[in-house]
Amino acid sequence: MNLITNYQHQHFAHCESGVMATLLKYRGMELSEPMVFGLSGALCFAFLPFMKFGNMPLVSYRMFPGHIVKALPKRMGISYLRKRYKNPDQAMQELDDYLEKELLVGLQTSAYHTTYFPPEMRFQFNAHNIIIVGKEGDEYLVSDPVFDSIQRIQAVDLKLARFAKGLSAPRGLAHYPLEVPDPEQLDRVKLIKAAIKKTVNMMLYAPVPWIGIKGINYLARRVAKLSSKGDARYTRLFLGNVVRMQEEIGTGGGGFRFMYASFLQEAFQETGWQVLQEASERMTAVGDAWRGFALACAQMVKKSSSAEPAEIAPLLRQCGENERQLYKLLKSAV
Amino acid sequence: MKIDDVPQDDNRTFKGYGTKAVYAVDEQGRYTKTATSGWAVEEVVLRDVLDDFDALAVDAKNRALRGEASPIEFFLYRRLMDLPSLARAMGLAKWRVRRHLKAKVFKRLNTALLQQYADLFRIDLTALTHFKETTDIEPDH
Chain A
1 MNLITNYQHQ HFAHCESGVM ATLLKYRGME LSEPMVFGLS GALCFAFLPF MKFGNMPLVS
61 YRMFPGHIVK ALPKRMGISY LRKRYKNPDQ AMQELDDYLE KELLVGLQTS AYHTTYFPPE
121 MRFQFNAHNI IIVGKEGDEY LVSDPVFDSI QRIQAVDLKL ARFAKGLSAP RGLAHYPLEV
181 PDPEQLDRVK LIKAAIKKTV NMMLYAPVPW IGIKGINYLA RRVAKLSSKG DARYTRLFLG
241 NVVRMQEEIG TGGGGFRFMY ASFLQEAFQE TGWQVLQEAS ERMTAVGDAW RGFALACAQM
301 VKKSSSAEPA EIAPLLRQCG ENERQLYKLL KSAV
Chain B
335 MKIDDVPQDD NRTFKGYGTK AVYAVDEQGR YTKTATSGWA VEEVVLRDVL DDFDALAVDA
395 KNRALRGEAS PIEFFLYRRL MDLPSLARAM GLAKWRVRRH LKAKVFKRLN TALLQQYADL
455 FRIDLTALTH FKETTDIEPD H
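Sequence order for the protein chains is A and B. Heads up: the first sequence runs through residues 1 to 334, numbered per the numbering used here. Heads up: the second sequence runs through residues 335 to 475, numbered per the numbering used here.
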């Protein structure tokens, strides 16, 4: 009950961009999910061997969690409130107040305590994003962008989820736009240009070996070396980890590449620059290549192919090379 | 990815939890949002890591029953965590949590700390203190 009037749940590919698109639409600024993703410059690649997550090096196909909520309002000139809490009870009370005022807010939660997840997916991951749209007794109604319908969560569990400790702890983060600029006034061409430039620069010229194309090649070298270690379990789990980060955790690499391709296509419609349409098609091909790599890894994990890790490293290098040429093309456009 | 190529492999993990949204190209080359019931590749790698956790949990359980390990170790793997993430979630130093995994140290832990562990694992305190009698209890939520 107590639902936000006229709220319609929408299904998105990724939690953070989904929450952002929903919140902005509610305040009268319609942006598609790919547009939110692209304009905030969230596409990335990172392989951080020194940051362990479940005993495996961190592999990420997008900017760190929380980036979209931070970067998009800044780029678009939206005044935006991000509030963290020390006191859990105060945080829950303010959430109820927001609901009463029919104000839509985004929350950062831990996937471990969100009980409506499949049990197999409830890892210690603290950067999930949801929207609360109603309350019924002790239960909250959750509009979770990656689910296709409204979910329910007990108030105690939501409190735990908002105040889970650990890496990127949410600390009760609640966020919503205070004031959005008139959509008609926005210089979309300029915004698109700046966003693409940012992504291209990071992917091509990041000054560290873990980010962008360099990161992909670094990972490829690491994969090529795996077999010599001779630890079959480690090899399996390592490749599985790369693929899980790619395909499953919040749509992953293939998914993010396709989302960016969709953004480029939309950007082409806004600007009319033919080169963006071509870039979109090539980005689609890149996404398909990533999926080919994932398939090869899964076959190794399942032991249905006798390939050595050294044989699938070139697939990774190919992904890197394709992306490099694509960003060069984009660079010429902006 | 073309819409016709979007995998619909009915992943076991998502059964009863609905579908996922993905972006794919339609026949005219336009990007659209569409739904997938999962890809077999995701399921393979997820099951692989879950099987690994299961094997570790079974081993820890047997050792805990023999009194060689602390029940905390069993729930650590049962809850898909590793030592650093457990320590961070508890707000303790790693070396302290590592000590708590020893049967001898576990026996002397005070109730308040045990309750904190139980809350994190989302189980009753008795599942930790009376592990042998309650081994059939599988933490559900």
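Since the hints were derived computationally from the structure, they do not count as laboratory data. Among the clues, some could well be false.
Stated by the list, open to error - List of simulated lysine to aspartate or glutamate pairs, EDC-like, C-alpha gap at most 20 Å:
{"hint": "1", "chain 1": "A", "residue 1": "Lys135", "chain 2": "A", "residue 2": "Glu179"}
{"hint": "2", "chain 1": "A", "residue 1": "Lys52", "chain 2": "B", "residue 2": "Asp453"}
{"hint": "3", "chain 1": "A", "residue 1": "Lys302", "chain 2": "A", "residue 2": "Asp231"}
{"hint": "4", "chain 1": "A", "residue 1": "Lys302", "chain 2": "B", "residue 2": "Asp458"}
{"hint": "5", "chain 1": "A", "residue 1": "Lys159", "chain 2": "A", "residue 2": "Glu94"}
{"hint": "6", "chain 1": "A", "residue 1": "Lys101", "chain 2": "A", "residue 2": "Asp148"}
{"hint": "7", "chain 1": "B", "residue 1": "Lys395", "chain 2": "B", "residue 2": "Asp416"}
{"hint": "8", "chain 1": "B", "residue 1": "Lys441", "chain 2": "B", "residue 2": "Asp458"}
{"hint": "9", "chain 1": "B", "residue 1": "Lys395", "chain 2": "B", "residue 2": "Glu377"}
{"hint": "10", "chain 1": "B", "residue 1": "Lys349", "chain 2": "A", "residue 2": "Asp148"}
{"hint": "11", "chain 1": "A", "residue 1": "Lys25", "chain 2": "A", "residue 2": "Glu270"}
{"hint": "12", "chain 1": "B", "residue 1": "Lys336", "chain 2": "A", "residue 2": "Asp288"}
{"hint": "13", "chain 1": "A", "residue 1": "Lys302", "chain 2": "B", "residue 2": "Asp386"}
{"hint": "14", "chain 1": "B", "residue 1": "Lys367", "chain 2": "A", "residue 2": "Asp148"}
{"hint": "15", "chain 1": "A", "residue 1": "Lys165", "chain 2": "A", "residue 2": "Asp148"}
{"hint": "16", "chain 1": "B", "residue 1": "Lys367", "chain 2": "A", "residue 2": "Glu281"}
{"hint": "17", "chain 1": "A", "residue 1": "Lys302", "chain 2": "B", "residue 2": "Asp338"}
{"hint": "18", "chain 1": "B", "residue 1": "Lys336", "chain 2": "A", "residue 2": "Glu30"}
{"hint": "19", "chain 1": "A", "residue 1": "Lys331", "chain 2": "A", "residue 2": "Glu321"}
{"hint": "20", "chain 1": "A", "residue 1": "Lys25", "chain 2": "A", "residue 2": "Glu139"}
{"hint": "21", "chain 1": "A", "residue 1": "Lys303", "chain 2": "B", "residue 2": "Asp339"}
{"hint": "22", "chain 1": "B", "residue 1": "Lys367", "chain 2": "A", "residue 2": "Asp182"}
{"hint": "23", "chain 1": "A", "residue 1": "Lys52", "chain 2": "B", "residue 2": "Asp344"}
{"hint": "24", "chain 1": "A", "residue 1": "Lys302", "chain 2": "B", "residue 2": "Asp382"}
{"hint": "25", "chain 1": "A", "residue 1": "Lys101", "chain 2": "A", "residue 2": "Glu184"}
{"hint": "26", "chain 1": "A", "residue 1": "Lys52", "chain 2": "B", "residue 2": "Asp382"}
{"hint": "27", "chain 1": "B", "residue 1": "Lys336", "chain 2": "A", "residue 2": "Glu94"}
{"hint": "28", "chain 1": "A", "residue 1": "Lys302", "chain 2": "B", "residue 2": "Asp343"}
{"hint": "29", "chain 1": "A", "residue 1": "Lys225", "chain 2": "A", "residue 2": "Glu311"}
{"hint": "30", "chain 1": "A", "residue 1": "Lys74", "chain 2": "A", "residue 2": "Asp231"}
{"hint": "31", "chain 1": "A", "residue 1": "Lys302", "chain 2": "B", "residue 2": "Asp385"}
{"hint": "32", "chain 1": "A", "residue 1": "Lys302", "chain 2": "B", "residue 2": "Glu377"}
{"hint": "33", "chain 1": "B", "residue 1": "Lys349", "chain 2": "A", "residue 2": "Glu120"}
{"hint": "34", "chain 1": "A", "residue 1": "Lys74", "chain 2": "A", "residue 2": "Glu102"}
{"hint": "35", "chain 1": "A", "residue 1": "Lys159", "chain 2": "B", "residue 2": "Asp453"}
{"hint": "36", "chain 1": "A", "residue 1": "Lys83", "chain 2": "A", "residue 2": "Asp148"}
{"hint": "37", "chain 1": "A", "residue 1": "Lys303", "chain 2": "B", "residue 2": "Asp382"}
{"hint": "38", "chain 1": "A", "residue 1": "Lys25", "chain 2": "A", "residue 2": "Asp182"}
{"hint": "39", "chain 1": "A", "residue 1": "Lys303", "chain 2": "B", "residue 2": "Asp458"}
{"hint": "40", "chain 1": "A", "residue 1": "Lys159", "chain 2": "B", "residue 2": "Asp385"}
A quick look at each hint next to the structure:
| no. | hint | result |
| --- | --- | --- |
| 1 | A:Lys135 with A:Glu179 | violated, 26 Å |
| 2 | A:Lys52 with B:Asp453 | violated, 25 Å |
| 3 | A:Lys302 with A:Asp231 | holds, 16 Å |
| 4 | A:Lys302 with B:Asp458 | violated, 37 Å |
| 5 | A:Lys159 with A:Glu94 | holds, 12 Å |
| 6 | A:Lys101 with A:Asp148 | violated, 26 Å |
| 7 | B:Lys395 with B:Asp416 | holds, 16 Å |
| 8 | B:Lys441 with B:Asp458 | holds, 17 Å |
| 9 | B:Lys395 with B:Glu377 | violated, 26 Å |
| 10 | B:Lys349 with A:Asp148 | holds, 13 Å |
| 11 | A:Lys25 with A:Glu270 | holds, 19 Å |
| 12 | B:Lys336 with A:Asp288 | holds, 10 Å |
| 13 | A:Lys302 with B:Asp386 | holds, 13 Å |
| 14 | B:Lys367 with A:Asp148 | holds, 12 Å |
| 15 | A:Lys165 with A:Asp148 | violated, 28 Å |
| 16 | B:Lys367 with A:Glu281 | holds, 16 Å |
| 17 | A:Lys302 with B:Asp338 | violated, 25 Å |
| 18 | B:Lys336 with A:Glu30 | violated, 26 Å |
| 19 | A:Lys331 with A:Glu321 | holds, 15 Å |
| 20 | A:Lys25 with A:Glu139 | violated, 25 Å |
| 21 | A:Lys303 with B:Asp339 | violated, 24 Å |
| 22 | B:Lys367 with A:Asp182 | violated, 26 Å |
| 23 | A:Lys52 with B:Asp344 | violated, 31 Å |
| 24 | A:Lys302 with B:Asp382 | holds, 8 Å |
| 25 | A:Lys101 with A:Glu184 | violated, 27 Å |
| 26 | A:Lys52 with B:Asp382 | holds, 19 Å |
| 27 | B:Lys336 with A:Glu94 | violated, 44 Å |
| 28 | A:Lys302 with B:Asp343 | holds, 16 Å |
| 29 | A:Lys225 with A:Glu311 | holds, 11 Å |
| 30 | A:Lys74 with A:Asp231 | violated, 47 Å |
| 31 | A:Lys302 with B:Asp385 | holds, 12 Å |
| 32 | A:Lys302 with B:Glu377 | holds, 11 Å |
| 33 | B:Lys349 with A:Glu120 | holds, 12 Å |
| 34 | A:Lys74 with A:Glu102 | violated, 25 Å |
| 35 | A:Lys159 with B:Asp453 | holds, 13 Å |
| 36 | A:Lys83 with A:Asp148 | violated, 28 Å |
| 37 | A:Lys303 with B:Asp382 | holds, 11 Å |
| 38 | A:Lys25 with A:Asp182 | holds, 12 Å |
| 39 | A:Lys303 with B:Asp458 | violated, 40 Å |
| 40 | A:Lys159 with B:Asp385 | violated, 30 Å |
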